[in-house]
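Numbering of the sequence shown is given in this note's numbering, commencing with residue 1 and proceeding in unit increments.
Estimated spans, in silico, between C-beta atoms of each pair:
#: 1; residue 1: Lys-72; residue 2: Gly-7; range: 27 to 33 Å
#: 2; residue 1: Lys-44; residue 2: Ala-66; range: 16 to 22 Å
#: 3; residue 1: Trp-15; residue 2: Ser-57; range: 26 to 32 Å
#: 4; residue 1: Glu-70; residue 2: Gly-43; range: 15 to 21 Å
#: 5; residue 1: Ser-57; residue 2: Ile-22; range: 16 to 22 Å
#: 6; residue 1: Ser-46; residue 2: Ile-22; range: 18 to 24 Å
#: 7; residue 1: Met-1; residue 2: Lys-44; range: 20 to 26 Å
#: 8; residue 1: Met-1; residue 2: Val-39; range: 17 to 23 Å
#: 9; residue 1: Val-49; residue 2: Glu-11; range: 32 to 38 Å
#: 10; residue 1: Ala-62; residue 2: Ala-3; range: 30 to 36 Å
#: 11; residue 1: Lys-8; residue 2: Arg-50; range: 39 to 45 Å
#: 12; residue 1: Ser-57; residue 2: Lys-8; range: 34 to 40 Å
#: 13; residue 1: Glu-11; residue 2: Ala-54; range: 36 to 42 Å
#: 14; residue 1: Asn-60; residue 2: Ala-6; range: 31 to 37 Å
The set of hints was computed from the structure by calculation and includes no laboratory data. Since the model is a prediction, treat every value here as computed from it, not as a measurement. Even glycine gets a Cβ: it sits at the ideal position worked out from N, Cα and C.
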Amino acid sequence: MDAFFAGKMEEARQWHLKLLKISNAMFIESNPVPVKTAVGLMGKASDEVRLPLAPMSEANKAKLTAVMKEYKLI
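Throw the hints in and build the complete structure from the sequences for me.
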């Protein structure tokens with residue numbers, strides 16, 4: 001955001017592209033489930049969600065885990 005608001009459009013574009021995979025992964029299921037799952041994978045807080053939300057599916061959790069490993073977050 002700093003680059004964008006400073007008018008550095010190419011730098012902002014590069015940051016956007018660099019972070020696009022993790023950003024998309026945060027919306028692989030209904031928010032806030034992926035975010036809570038990611039925080040849980042990082043060991044920062046519980047990944048538990050309350051009704052009417054449900055835990056992330058195992059398939060999507062595997063996708064999120066792979067992206068987080070790629071970004072060296074876990």
